[in-house]
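The residues making up each chain are set out below.
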Amino acid sequence: MNLEKAFGSNCVLKGVSTSVKPGEVMVLIGASGSGKSTLLRCINLLEEPNGGQIYIDGVEVTAKGVVKHQIRRETGMVFQQFNLFPHKRAIDNITLAPIKVRGMEKEEAEDLAMDLLAKVGLDDRAYAWPHQLSGGQQQRVAIARALAMQPKVMLFDEVTSALDPGMTGEVLGVMQELAADGMTMVVVTHEMGFAREAGDKVVFMHDGIIVEEGAPHVMFSDPQHHATQEFLSKVL
Amino acid sequence: MIKIDLIIESLPALLDGAKLSLLISLCSVCVGVTLGIIVASGRLSKIGIFRAISGAYVAFLRGTPMIVQIFVVHFGLVEFGLVLPALVSGIIALSLNSGAYMGEIFRGGIQSIEEGQTQAGLSLGLTNFQVFRYIVFPQAFRRVIPSMGNEMVTLTKDSSLVNFIGVAELTYRATLIAARKYQYFTMYVGIAIVYFVITYTLAWLLGKLERRLGPHDTDSESGKGLRKQLRSERRFDLS
Chain A
46 MNLEKAFGSN CVLKGVSTSV KPGEVMVLIG ASGSGKSTLL RCINLLEEPN
96 GGQIYIDGVE VTAKGVVKHQ IRRETGMVFQ QFNLFPHKRA IDNITLAPIK
146 VRGMEKEEAE DLAMDLLAKV GLDDRAYAWP HQLSGGQQQR VAIARALAMQ
196 PKVMLFDEVT SALDPGMTGE VLGVMQELAA DGMTMVVVTH EMGFAREAGD
246 KVVFMHDGII VEEGAPHVMF SDPQHHATQE FLSKVL
Chain B
75 MIKIDLIIES LPALLDGAKL SLLISLCSVC VGVTLGIIVA SGRLSKIGIF
125 RAISGAYVAF LRGTPMIVQI FVVHFGLVEF GLVLPALVSG IIALSLNSGA
175 YMGEIFRGGI QSIEEGQTQA GLSLGLTNFQ VFRYIVFPQA FRRVIPSMGN
225 EMVTLTKDSS LVNFIGVAEL TYRATLIAAR KYQYFTMYVG IAIVYFVITY
275 TLAWLLGKLE RRLGPHDTDS ESGKGLRKQL RSERRFDLS
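Each protein sequence line maps, in turn, to chains A and B. The working numbering numbers the first residue of the first sequence as 46 and each following residue consecutively. The working numbering numbers the first residue of the second sequence as 75 and each following residue consecutively.
One should not assume that every hint holds.
Unchecked claim - To give an idea of the chain A side of the interface with chain B (calculated C-beta under 7 Å), a few residues: (1) 95; (2) 98; (3) 103; (4) 107; (5) 111; (6) 122; (7) 130; (8) 194; (9) 195; (10) 197.
Since the hints were made in silico from the structure, they are not lab data. Cβ atoms here follow ideal geometry from the backbone N, Cα and C, with glycine treated the same way.
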């Protein structure tokens, strides 16, 4: 996968260019309002960039005439607020897209969903309603739901920010396993521990630009830019 | 005083009338709900012309008396060569009126669904229509059942207005008998009770529907869910 983007006059993202290789975990860090989430949401076109290009697996997703919902099949996204469908049980949350988008048979989709639920440690809660699950469990179902579309890249948008500390661990644990399995991931997070342990590349954003990027151990121990140093001194 | 024997004597005629009232209400509710969904989609459309048309439709039909709307359809359209049977005119007018109110009810319901639901659906690769069909609308529908029930009850009562264009529904029959026998009190109290029984039954049915469709808001388990639960447990045992 090769991911590049450059924005012209957009005030949130002022010319951002980076890439993530297959199997890599890229962690986006930075203060609120620095453009991390906007960057993430541009990748699956939930936000439309005003300029520049994004490539996923060699395909330009920002090209004219591109069918958005076809692009979005290739990217999975997990949200801060989980956004499970409250009128569907956990398993039906997961099978919806494979059945409706991929045209999978119900039985096959349910088998897939059970495998994914086992992967996130929730196969015993398959028929629970979202409101019967804890925040951490809901978020793990949301991860399974995104994985069910077998995306080329997974996008995580501050997925632990709405969880209390006890539940943060279980979600980060699932993400770490996913990274170890070789999933390509772009993760927006304030969890520096996760960035350090699971990240292959850490990208620091400030005021809509990428100030600095590099391997986690380099970034955390020896940040080059003043803005990075200042940010890290506050959060570490 | 109420003359029970007169009511019993007129029962066949009243029941015929009640059947017609029910038919009118049922047809208007069905068309009204369908129109309402279309109107709500129009009001929420990204396309300006759809928004304008549905907005004007709602404003006009909410802002004019139902009886005038009935007269326009039945007597007014004759000038354009459209002579409709009174029953058809009545159903059309009531449906059009209900469509406006239902439209606003559905619009409110749809707008009350969090933006995150749409985004989650889109991020999975569903089309805009699929997101509406499988995610937004089912949730909105559950939320609007109480307001929709209100509108259905109102519509059932308002079906009595079509007696003015000569549809032989409940109110019309009662008026005829009352005039002939000079027993207004008996006949009108009699049909008031009939209307009440109809609307009360309707409210009761809607209450049942609300409880049935709302399992995600409560801990109740629908039969379908229970069967699935059992199946999952069986599957669990095997593994």
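Here is what the structure says about each hint:
1. 95: 19 Å, violated
2. 98: 20 Å, violated
3. 103: 19 Å, violated
4. 107: Since chain B brings no Cβ nearer than about 16 Å to residue 107/A, farther than 7 Å, the hint is violated.
5. 111: 13 Å, violated
6. 122: Check passed: Cβ of residue 122/A comes within 4 Å of chain B, closer than 7 Å.
7. 130: 6 Å, holds
8. 194: 6 Å, holds
9. 195: 11 Å, violated
10. 197: 12 Å, violated
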